[in-house]
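*Asks:* Protein chains in written order, with this note's numbering: chain C, 21 to 378; chain B, 52 to 376.
Hints listed in this document are in silico derivations from the structure and should not be mistaken for laboratory results. By construction, the Cβ of each residue, glycine as well, lies at the ideal position given by its N, Cα and C atoms. Careful: at least some of the hints might be erroneous.
[Claimed, not checked] Stretches of chain B that chain C covers, calculated by requiring three or more beta carbons in the stretch to come under 8 Å of a beta carbon on chain C:
{"#": "1", "region": "113-126"}
{"#": "2", "region": "282-296"}
{"#": "3", "region": "337-344"}
[Stated by the list, open to error] Selected chain B positions facing chain C (Cβ under 10 Å, derived; list incomplete):
{"#": "4", "residue": "Met105"}
{"#": "5", "residue": "His148"}
{"#": "6", "residue": "Ala325"}
{"#": "7", "residue": "Met327"}
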Amino acid sequence: MSDSSADIRYLRFLKPNGELDKDAPTGSHDPNEIADLFRRMLELRVFDSKAINLQRTGKLGTYPSWYGHEAAQVGVAAAMKKEDVLAPSYREGGVMLCRGVSMAEILLYWGGDERGSDFAVPRDDFPYCVPIATQCLHAAGAAMAFQHRGESRCAVAVNGDGGTSEGAFYEAMNIAGVRKLPVVFVVINNQWAISVPVAAQTSSSTLAHKAIAAGIEGVQADGNDIVAVRHCMREALEKARKGGGPTLVELITYRLGDHTTVDDAGRYRQQDEVDTASDLEPFIRTRKYLASKNIWDTQLEEQFLEQCTNNIEAAVNNYLATPKEAVEQMFNHMYAEMPESLLAQRAHAIHFCDTDKD
Amino acid sequence: MADVTLIDALTMAMAWELEHDDDVVMLGEDIGLNGGVFRTTAGLQERFGPQRVMDTPLAEGMIAGVSIGMAAQGLKPVAEIQFMGFIYPIVDQMINHAGRMRNRTRGRLHCPMVIRAPFGGGIHAPEHHSESTEALFAHMPGIRVVIPSSPARAYGLLLAAIRDPDPVVFLEPKRIYRSNKQAVADNGEALPLDVCYILREGSDVTVVTWGAMVFESLKSAEQMSAQGISCEVIDLTTISPIDEQTILESVAKTGRLIIVHEAAKNCGVGAEIAAMVAEEGMYDLRCPIRRVTGYDIVMPFYRREMDYMPSVAKIGDAIRDSMDD
Chain C
21 MSDSSADIRY LRFLKPNGEL DKDAPTGSHD PNEIADLFRR MLELRVFDSK AINLQRTGKL
81 GTYPSWYGHE AAQVGVAAAM KKEDVLAPSY REGGVMLCRG VSMAEILLYW GGDERGSDFA
141 VPRDDFPYCV PIATQCLHAA GAAMAFQHRG ESRCAVAVNG DGGTSEGAFY EAMNIAGVRK
201 LPVVFVVINN QWAISVPVAA QTSSSTLAHK AIAAGIEGVQ ADGNDIVAVR HCMREALEKA
261 RKGGGPTLVE LITYRLGDHT TVDDAGRYRQ QDEVDTASDL EPFIRTRKYL ASKNIWDTQL
321 EEQFLEQCTN NIEAAVNNYL ATPKEAVEQM FNHMYAEMPE SLLAQRAHAI HFCDTDKD
Chain B
52 MADVTLIDAL TMAMAWELEH DDDVVMLGED IGLNGGVFRT TAGLQERFGP QRVMDTPLAE
112 GMIAGVSIGM AAQGLKPVAE IQFMGFIYPI VDQMINHAGR MRNRTRGRLH CPMVIRAPFG
172 GGIHAPEHHS ESTEALFAHM PGIRVVIPSS PARAYGLLLA AIRDPDPVVF LEPKRIYRSN
232 KQAVADNGEA LPLDVCYILR EGSDVTVVTW GAMVFESLKS AEQMSAQGIS CEVIDLTTIS
292 PIDEQTILES VAKTGRLIIV HEAAKNCGVG AEIAAMVAEE GMYDLRCPIR RVTGYDIVMP
352 FYRREMDYMP SVAKIGDAIR DSMDD
């Protein structure tokens, strides 16, 4: 898949060699700001790797790693305002963490506890969406609500490359175009939908081209470039907020890990492809850039990683120490008011629940 | 207070709610400028504007999906699916999101939304326009399924559905859209959900039914009455969750149960009612439960649709059989 085409803009400012393009947008030349974003990325990577370890040691359920997506995730979140609303796919835990969802809540979710989606902040964000691309419509609907109330808020749906083959993805862009909705559709193109590569997903020359049929703007950015990701998201959100309608943002990156902890990508893709992608991953170039500005070095990174690890350990302990929810809670939130017919079922479940094993 | 059709009553209820609650919006295919293919939303866009009564692109899954998005962010969308035969793209959104948003977020987000759709046969419609597949939605936890059978109940129940804080699939029996007029007070008063309505009291046989079959069942009950058989006719109304109490009390009185629905027999809602009565009221029964339903075949084209559907004769036959047992 080509990175550029006649119709679609492609943004990259922080080159793989760590050099920041002189044409990089105003506001992205402060290395301290990039260092802040880089610290977020590091935190995401350490958390991700911890979550995989927890799964391997039987302390967490199936978990979808975001290894390699850190610049895309941090960039998306950094461009959003607190009052905006995120509709994430199941791999977007990194975006959610950056928006204020706690590590313990993310772990609770993947540890099989619904309270992981009852996050303290941000209260209006949608929970993880496991069915593919259906959340694009929820983002469009949220944008309809903002438009209806005249609020200056935007909705952001984050989807993968495989999701662009779903009807819901196109249907969401289509109505968003018709109604000029304040919504941004982000596609994190990590090249693989489990075992299916993008070339087997579509013959469209880029995924951003899929915006054209919906009559909306499509733009591509290097998803490993934190500066480009944040910038094109800012542009898209600003346009949406001003009534300019939706944008499709394709962030090109690579899924360096397996699809989830129950997948083995070695079965279907070649190691040399992964090696090539690893050279382009987001940390190498950001580190080089920050080092060239003399504000980052191995020692600072080690100090920060230690701090991260301590925070994450605390969150893990918090998660592991959280007792199971009372069994009746699985009934209590089915309806605002519980139907008569569920009362007996709830009593039955309580009666048979072995609280000793809770 | 003028006599109105079931369609008129639905329009009145939607207008009332649009007038009194700014969070209510309507969306669907051809519902605005055209007022809906059955004219159910006639005049609403003119009166409330295209921002509140929205013609959407033609994609049913989208209609349900954006309704969930709007509902989760505080609006109360009322969406129309043009015919039940076109409703299946919404199944993904309803089962995976609408029905579980409240539960999976432990009450943080919820979906106060209504999906309206005309359903059922008997109007000589083309292919895919006559099915009754309410059981699909009744099987989804977290979704209410409501079917009115008179103008007054259509008015009060649609208001209740719109005001309900959880998703409701509101199915409209189109065979009786215009066939029976009734005086309906446009007073904004909702009727309770989750309860059956007893339309005719009786002592020998309980007939549980819903939608257009209410009329066939009432006619049959009238005929039986002439033969000295007293039928109690219950309009189930809320198809899910079922008001078990009303049915069990009636069966305790009559000892006989007939369930009548247009939908196919296999895994129809009648099976759920029969199982529930077998579990909870078996010893009140004086004879086997009987179901009068559509057959387990594809809904025939309209030349044969009346042969497919339950009729006064088929219902009467089942009632007499029960009495003979």
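*Asks:* Should the interface hint for Met105(B) be scored as holding, given a Cβ-Cβ cut-off of 10 Å against chain C?
*Replies:* holds, 8 Å
*Asks:* Are three or more residues of the region 113-126 of chain B within 8 Å, CB to CB, of chain C?
*Replies:* Contact hint for the region 113-126 of chain B vs chain C: holds, 13 residues under 8 Å.
*Asks:* Given Met327(B) as an interface hint, is its Cβ closer than 10 Å to any Cβ of chain C?
*Replies:* holds, 8 Å
*Asks:* Close enough to count: is the Cβ of His148(B) nearer than 10 Å to one in chain C?
*Replies:* Holds, because the Cβ-Cβ distance from His148(B) to chain C comes to roughly 6 Å (cut-off 10 Å).
*Asks:* For the hint on Ala325(B), does the least C-beta distance to chain C fall short of 10 Å?
*Replies:* Violated: closest Cβ of chain C sits about 15 Å from Ala325(B), beyond 10 Å.
*Asks:* How about the region 337-344 of chain B: do at least three of its residues have a C-beta closer than 8 Å to a C-beta of chain C?
*Replies:* Answer violated; 0 residues pass the 8 Å Cβ test.
*Asks:* Can you take a look at whether the region 282-296 of chain B is actually covered by chain C? Rule is 3+ residues, C-beta closer than 8 Å.
*Replies:* holds (count 5)
Checked against the numbered hints above, the structure breaks hints 3 and 6 and satisfies the rest.
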